[in-house]
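Residue numbers (the numbering used here), protein chains in the order written: chain A, 1 to 341; chain B, 1 to 341; chain C, 1 to 341; chain D, 1 to 341.
One thing to keep in mind: the hints can contain errors.
Said to hold, decoys possible - SDA-like cross-link-like pairs, simulated, lysine to any residue; straight-line CA separation at most 25 Å:
hint, chain 1, residue 1, chain 2, residue 2
1, A, 314, D, 25
2, C, 111, C, 86
3, B, 156, A, 160
What the hints assert, rightly or not - Rough simulated footprint, nothing fancy, chain D against chain C, three-plus residues with beta-carbon under 8 Å:
hint, segment
4, 85 to 91
5, 126 to 133
6, 160 to 174
7, 223 to 232
Simulated from the structure, these hints should not be mistaken for lab results. The C-beta atom is built at its ideal place from N, Cα and C for all residues, glycine as well.
4 protein chains.
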Amino acid sequence: MQLGMVGLGRMGGNIVRRLLRAGHPCIAFDRDAAAREALAAEGATPAADLPAMVAALAAPRAIWIMLPAGAATEEALATLAGLLSPGDVLIDGGNSFWKDSVRRGAMLREKGLHFLDIGTSGGVWGLERGYCLMIGGEEAVVRRLDPIFAALVPGKAAAPPTPGFAGDPRAEQGYVHAGPNGAGHFTKMVHNGIEYGMMQAFAEGLDILKHADAEALPPEQRLALNLPDITEAWRRGSVVASWLLDLTAQALHQDPELAGFSGHVSDSGEGRWTVQAAVETAVSAPVLTAALYARFASRDEARFGAKVLSAQRKGFGGHLEPAKPAPGGAVDGKPHPGRPA
Amino acid sequence: MQLGMVGLGRMGGNIVRRLLRAGHPCIAFDRDAAAREALAAEGATPAADLPAMVAALAAPRAIWIMLPAGAATEEALATLAGLLSPGDVLIDGGNSFWKDSVRRGAMLREKGLHFLDIGTSGGVWGLERGYCLMIGGEEAVVRRLDPIFAALVPGKAAAPPTPGFAGDPRAEQGYVHAGPNGAGHFTKMVHNGIEYGMMQAFAEGLDILKHADAEALPPEQRLALNLPDITEAWRRGSVVASWLLDLTAQALHQDPELAGFSGHVSDSGEGRWTVQAAVETAVSAPVLTAALYARFASRDEARFGAKVLSAQRKGFGGHLEPAKPAPGGAVDGKPHPGRPA
Amino acid sequence: MQLGMVGLGRMGGNIVRRLLRAGHPCIAFDRDAAAREALAAEGATPAADLPAMVAALAAPRAIWIMLPAGAATEEALATLAGLLSPGDVLIDGGNSFWKDSVRRGAMLREKGLHFLDIGTSGGVWGLERGYCLMIGGEEAVVRRLDPIFAALVPGKAAAPPTPGFAGDPRAEQGYVHAGPNGAGHFTKMVHNGIEYGMMQAFAEGLDILKHADAEALPPEQRLALNLPDITEAWRRGSVVASWLLDLTAQALHQDPELAGFSGHVSDSGEGRWTVQAAVETAVSAPVLTAALYARFASRDEARFGAKVLSAQRKGFGGHLEPAKPAPGGAVDGKPHPGRPA
Amino acid sequence: MQLGMVGLGRMGGNIVRRLLRAGHPCIAFDRDAAAREALAAEGATPAADLPAMVAALAAPRAIWIMLPAGAATEEALATLAGLLSPGDVLIDGGNSFWKDSVRRGAMLREKGLHFLDIGTSGGVWGLERGYCLMIGGEEAVVRRLDPIFAALVPGKAAAPPTPGFAGDPRAEQGYVHAGPNGAGHFTKMVHNGIEYGMMQAFAEGLDILKHADAEALPPEQRLALNLPDITEAWRRGSVVASWLLDLTAQALHQDPELAGFSGHVSDSGEGRWTVQAAVETAVSAPVLTAALYARFASRDEARFGAKVLSAQRKGFGGHLEPAKPAPGGAVDGKPHPGRPA
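All chains should be modelled from the sequences, with the hints used to inform the complete structure.
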């Protein structure tokens, strides 16, 4: 089944590769000619621009946009909406804000076009492992493109069956028609919110393991722990077994101190929007929010808020600021006062 | 290799079963005679009391205590310490406080006895899948009991190999000698802390998905999502793939509304001790702590703190309390005021 | 100085009363005729409808809208915008979303009208104590209405002078021209966010004091504390001395158990918007967010997320749910396992 | 009434000064001779060592220890316990762990000595404003020392009366007999926990105000706010009016950017113990905990946990770390993707 792909970056390029391997002809466009040529060498048909892509596809067309959320996606959608014919399908597979997808679906529907918002998880491993797809849009359109989705997902064998599963068989393949437009990106947004929370759970736990030898502890209670071996052991039989743990164990084996990292952590729209969705619908989401805030804090080294605390402490108690990293959890440079004398 | 087991509950009983299946003779004691007899029927040698167990084991003995943390474990350790001979090994496989294990190891060492504190993960699935073991104690003693541990763990095939792994081969089997006494229970404590965080991440994310149709949202943005299918799809190719997700998907397939649960969630010592360890060593652990507090809050329906808020609101603003569950994220019974009119 | 007031509820009515006492003639409108008449009896000039109010005011007019945020305010602004003449001033003194105020200011500016967004703090005490005003809009317009503001604020004597203060003298009276349109409501929004955090700090602290006699503590450490006397003592000389503490002590003296409250706590737009502003500008705001989430949680008694936790616990460990309120911090109905045996 | 003071630092010295001004003769000891002499010059009777202090006091003696919590206090108590006579009173006015005070009270009681644990709030302002005292111990002993306490506290006039107050009149003076030994330090601990939460509420709110001009906001929504004037205005009539706000406004007037502070914030035992008490008694305390963790995080610039996040992100997505301070809340160096194109 023919597919057009707009945006041949890490995600878009690999999606095309996986489709080509499954025998689906792809028309590929990127404003970077080198990216187009690279995929052409792997079997894709390059398109010089969007009109050329539209011309190269037989109706009803399906074009997948894989661009940064925001302006780039908005512009591509608008341009293509002007080029396509009723019955064609536009797919936004990027990390767009779900309310934009609700709006865009309605806008394209007025033009007789179909729209699918597809949350795509899998990262750099998707080419090999397959992608988990969360799809919003009309059921008939999702069904029509089933050959594409079936080629992209990991497939049923990628996980042991859920006992007694009697839901939509597509879910067992690794994709879900989550609902109308917006539902795909909403589901992917929450997926990433959960991802943030799980990552931060590991981050905090490993931080505590790392500090098990802190000077704040009485000497006989200090423990020097081997994090690479611990995380490796957890991969089998434990409750925290997960793909994130697999990746964490691997990273710790390569660099036990993670010295190659600065610890300044980016965040993307989904983490923020998840918190905003929680607030908007009055759902208490302290873990997902704390995970987001930990990323904010990781990038800040002279926070105004912390200066306010120091100013207040000086104001009421005459306290001066400490030398920065109090060793091993000590309080004000002294061992923890609560420890029995 | 002979092992004595004290405590034949859900965990202790299954550990004995798994050892018996691997050909290790087990002497089994529980103060409940029915539990002893049940295991005797499966091949264990029952012991009528602790002296009988000690008599039935050849020196150097190894006795595994699998009792509730606290008084029960403390008493069993004390009793057995008086019955054993130098060179014998006592194992605490329960969820004891790691500082107790540091203390108990030192106390038993003075009597010429060896002590291993073993954090044991695997729950009701351990019999079939194997247990992940986190061990604290002397290396020579851990090595001596290797046949026992090798029979209990899931084994190398239970997970794909970590590329470039060059650590302790035992970690690839599913167990780790984490350090001296205390290290086993410390590592298990943090493991459970991470588990709390991951569970709460899923809980919050699914709660947000569940409320995607909240009245607080404009009608065209409300989404009714199918959680069983979404969680099933996430099991393949997504970043949140994990054993906890497998269990979650299974639970949602059996009961999509989880109507069989009240939502009053227990917590155990490990979650609390993890927070206390973080505080003691000055590690910021907001996610693990929020996960613990969410459990506290789940069990409280008329919290004094919340009444304080209501009293303050009445005090400064004359506000009355709302009817309890404001529908769908509404504010004070009205739709969210921020929504454009 | 003449002022029109639209909305004679708790806040609008008292603002009119305070202005009347200061000698400022007020034209008062409310769709509830009884409210109009009540204020007319206190000296206000009632207006039967908005055109009548406009007719009763001399140009350049100033009309203060004190209605619920959202649709009511939007409609009143739109209606009045069609009735007023260039140079007139519209004031929104309610709790509107600051981005609405940015938008409304621009919209009214196009019609030659002036707009002030005024965050108003003071609640039911404002009539007596005065209101703290946070104003967004043009400086010349703020200056023009200075007699009104000067009558409403508490005045310089309401607090001891800040040593070395050399800022805008109006701030020492209790009002601030915070910036252009939006700045008034933004500042009020953050004010309320801080208020949430302070309230929750007291709520949690008092909850901990209340549980100082918990069964989870060893008997010799259990303390029965007198909260009314403690909060009264804190009012003098302590670091937490504050108006909120004054109100809290008063509430505790009237009802030491706060038995008259259910503990279901409302939240208003400002608390939510504060979190959203933090997320939007990448400011870590864990306290303000936790305070909001505590209110969400206070209104929920059978949270889906908590059921997810219970389902997971049953899935991996066969755990059943506890009887709800585990007494005094006990774990699973048993005393805390970490307590020495 | 005669009092001995051990420890003449910022707190102990000023307490002596305030007592001297009220006509109470004080015997003062500090291991630093200069500190002793300084107070002698102000009217105190210096003691060369603890036996000399005991000799200088008439029975029944009262000795106030004002030393760092932990070893220093423990040693002083032990030494004095050996020097005093039955009926004498030892006071620990420092920031000791409340469980130590329970233990010490029992230990001293066995020797026939009385013990008071007194939480003392007031900081550098206590000399002038008076101290808020939270006292644990026997009622008869508290009554006996009433002249001392009455001289130290701010007195009834320091705050407007609470309407309808009918509690212990001492609370209206600024001190409270909170309960038996431990109750004084428990109450002070929670007081400081609340203080942390209030401080962090202001810190976060001001941080959000500070970032109201962030580049992540659309240009027409960016606001440059005057924090010194805003905090000054809040001091009158607003709900957040408080002594901490007074100090904050003062600090911002002296240094609007707080450029003189690094933002590395100390924490003391009370903040940590408050969280541990909450965990131990199963009270959800997210705000007090978040405030503590914010201080931990303020002192760390290369947190291992954050490096774990970066390593995971590289593992699943090939993401590189960002240049540290993404300007104005931007995501990955780009404006927030959710903003409409």
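Going down the list of hints, with the structure as the test:
1. A/314 x D/25: Since the Cα atoms of residue 314 of chain A and residue 25 of chain D sit roughly 31 Å apart, the hinted pair is violated (cutoff 25 Å).
2. C/111 x C/86: holds (7 Å)
3. B/156 x A/160: holds (18 Å)
4. 85 to 91: Not satisfied, violated; 0 residues make the cut.
5. 126 to 133: The restraint on the segment 126 to 133 of chain C holds, since 6 of its residues have a Cβ under 8 Å from chain D and three suffice.
6. 160 to 174: Since 13 is at least three, the answer is holds.
7. 223 to 232: It holds: at least three residues are needed, and the segment 223 to 232 of chain C offers 8 whose Cβ sits within less than 8 Å of chain D.
Checked against the numbered hints above, the structure breaks hints 1 and 4 and satisfies the rest.
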